[in-house]
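Student: Keeping their order, the protein sequence lines are chains A and B. To convert, note that position 54 of the first sequence is 54 in UniProt numbering; the numbers rise steadily by one, no gaps. To convert, note that position 258 of the second sequence is 258 in UniProt numbering; the numbers rise steadily by one, no gaps.
Mixed in with the good hints there might be a few duds.
[Claimed, not checked] Straight-line distance between alpha carbons at most 30 Å, and here's what the computed BS3-like set of lysine-lysine pairs gives: (1) A:K203 <-> B:K208; (2) A:K409 <-> B:K294; (3) B:K299 <-> A:K208; (4) B:K208 <-> A:K208; (5) B:K302 <-> A:K298; (6) B:K203 <-> A:K294.
If you're looking for bench data, these hints aren't it; they were derived computationally from the structure.
Residues per chain, in single letters:
Number of protein chains: 2
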Amino acid sequence: MAKIPNTVLFSSKHLLVLSLALNVSLILRMLYEGEERHNNISCHKNGTDFDTKTHSSIIKSRLVMASSTSSLANSTCTDLKARSNRIINLDHGNPTVYEKFWRQTGDKTNIIIRGWQSMSYFADVSNICWFLVPEFAKEVMRLHRLVGNAVTEGRYIVVGTGSSQLFLAALYALSPSHANEPINVVCAAPYYSSYPTMTDYLKSGLYKWGGDANSYEKDGPYIELITSPNNPDGHVRTSMVNRSQGLLVHDLAYYWPQYTPISFPADNDLTLFTLSKITGHAGSRIGWALVKDKEVAKKMTKFIELNSIGVSKDSQLRAAKVLSAVSDSCEQENSQEGESFFEFSHKLMTKRWKQLREVVNRGELFSLPQFSPAFCNFFNQVLEPQPAFVWLKCEGNVEDCGSFLREHKILTRSGKQFGVSTKYVRISLLDTDESFTQFLDRLSSIKSM
Amino acid sequence: MAKIPNTVLFSSKHLLVLSLALNVSLILRMLYEGEERHNNISCHKNGTDFDTKTHSSIIKSRLVMASSTSSLANSTCTDLKARSNRIINLDHGNPTVYEKFWRQTGDKTNIIIRGWQSMSYFADVSNICWFLVPEFAKEVMRLHRLVGNAVTEGRYIVVGTGSSQLFLAALYALSPSHANEPINVVCAAPYYSSYPTMTDYLKSGLYKWGGDANSYEKDGPYIELITSPNNPDGHVRTSMVNRSQGLLVHDLAYYWPQYTPISFPADNDLTLFTLSKITGHAGSRIGWALVKDKEVAKKMTKFIELNSIGVSKDSQLRAAKVLSAVSDSCEQENSQEGESFFEFSHKLMTKRWKQLREVVNRGELFSLPQFSPAFCNFFNQVLEPQPAFVWLKCEGNVEDCGSFLREHKILTRSGKQFGVSTKYVRISLLDTDESFTQFLDRLSSIKSM
């Protein structure tokens, strides 16, 4: 892995070679990406913490990047400056890291949709979820069976515009319709930073954010969110409140072999999954829920009907294609077809965690969570968790780790947004190779607080 | 147009020919449609008024249809019985009528999405609506300019998962954040049947349904919805309340040349459009808003971020392709390329309205709204409105027109759901040729109440 120190120790020749290589790679990338030019810029805004300040700094960083790639004749100093000035935005969890795998698959994973296809609102009128495309449902069940991470027998599948829409649908479906006051929605801190805002932004009379499940002591019914492995800290979780009147929503977005050992098939009342964190296709906005109770599945479907009259069929068809390719790659693992998607993604996460631990352990400024290895039924061996996010702690006197890293032009998400101390930050490990490498370089260059 | 009386007056030979023709056409249709088999069934549930009773009758009608198409050797009597027993569901506004046009375009309107494309959450970080795909935005502006139905200069485009999501986003964006009580949302009756439920289903503390705008007399700020041409009755509308503190949302889903003369480019603060009613691509769930105020555009974007973290890129790319084909067809109108999309769809609506008026005027049981012709800037001639829905009134003693038509196996939506008398029903004119023809046959067979 190439390291770029922040003091200039190179000769002009080294710099020229480096600059040319950088320019050529960037220009090739721009040309290759064609219509995707806006999608793969690694300095972009966060999905939930957008503010004018962040936005303008992102635009500036894009302009710097653009000017640095405008011509092969640029001076090497400008490039190096641009590179060291670049803001590395690892605040969001944009899963662009998997793009490489999909490029390798060539035309096999292309999808063609004809002008007259999928025009109707309806996909399958015999299904409670009448907008669920049967091919997509089939591939969801196939993949769960193959991976062994969730029981699908006796479950209703409800498709959503990402798992966000399904999260809201679940709150609607589980809330009592005629209660005197809204039901409390709780989750143990650190919890996914968007849960409180998503729960409260419409000031619903059906449900309201009830805070940290660790300290929740009220009587009566409540909804508990269980994210496992947890976003942000990667730990495996079970219910924290554990009382009889709890309605549980399991968010298993990261319960896939590349992130955590698959110990058992999840067998919950209501479980959410999302395409974006499995295969990286965040732009398609596809998620699904496995629901045990028929009435809950009906109410969730009703929510999506009132919210958006269904879910894009184009994206469901594409998701079916992509999930099918993942399953095919697992089934053909031992043939000549190359490594499976989960082998590819597991290796990649292993490498990133190894490199990251090396950099962090070199000093005493930061610390990382420790995880216990467990047997993974999918890979048939004992493995360590390797979460999609780094839950980094600033050791020593730094109280606001996010602000400290921002001084070094690394954008992260503060622990405060996850309901805990500002000594913690969440950092995405799913960004491009380029961003990850630059992040490690930047992190290893920090010598003191 | 073939008419099938409800008493058997045919000879066996006639019936055999009819049956064979029906079977062949249905089998060909099934074969041709391939993977689309679930999408184009003309007996399906309504987008907003789904109940178990309707659902089970739909399933039954599907089974009848399936059995009638299973073999060319079926007896003619069974076919005719199946045909006359078939429930014609014209409750919803599923725009499958346009499928024929898109089939005629052949491969030109296919879209190919590669496995690695459009993976990121982000589409254009320099845009307030950061998930808006630039190609799609470009085609939206191009089509509005060509048709002349909306001012796009100085407007922000916000894309949504259908215009339903944008309707909710608009309510969120226009509601005062810190008011003591929710703002009233009003619309003149007859209003779109889903407005009250969509406004109230989450019991929001920000906004609430305030009823018929015709009788709204409260002081203070309010949100008024103006659907023009109106769903259900097809009339051109302006604001009804007309007070200084009104925040207006214009729903112009049907302000396109096939439905109504384009008299002027709409120049409102906040206007909603939807792909489904223009081109028929309801399954893609794409709508857009043209927004004058930057802060409103930001808040609408925030709503969609919290609701579904953006909008399917696959569907935006497809919508760009489809809208581009519509614009191309208008620009090439005088060349050898065949008729434009709006010529095709206008002709089709003209034909259906003509046939319908003939059937209705033959008796005295039903009546239809009357419309004033107006000059259409797009077609450059005086034309009559020809709405997407029929607002049918049962004359005489029938008080519940919906129940009366249901006895004749025609499913419609009752006037009650639009805030007016049950003497009225709304009937979709956008269903398949087969459904429309059967509907006319059934209607013309009703001789007395």
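Student: With a cut-off of 30 Å on the C-alpha distance, tell me whether K203 (chain A) and K208 (chain B) pass.
Tutor: Holds, at about 12 Å.
Student: Can the restraint linking K208 (chain B) and K208 (chain A) be considered satisfied, given a maximum Cα separation of 30 Å?
Tutor: holds, 18 Å
Student: Would you check the hint for K302 (chain B) and K298 (chain A), treating anything up to 30 Å between C-alpha atoms as holding?
Tutor: Roughly 27 Å separates the two Cα atoms, so the pair holds.
Student: Between K409 (chain A) and K294 (chain B), is the straight-line Cα distance small enough, at 30 Å or below?
Tutor: holds, 29 Å
Student: Regarding the pair K203 (chain B) and K294 (chain A), is the alpha-carbon distance no greater than 30 Å?
Tutor: holds, 23 Å
Student: Mind checking the alpha carbons of K299 (chain B) and K208 (chain A) for me, to see if they're no more than 30 Å apart?
Tutor: holds, 21 Å
Every hint, counting from the list given before, is met by this structure.
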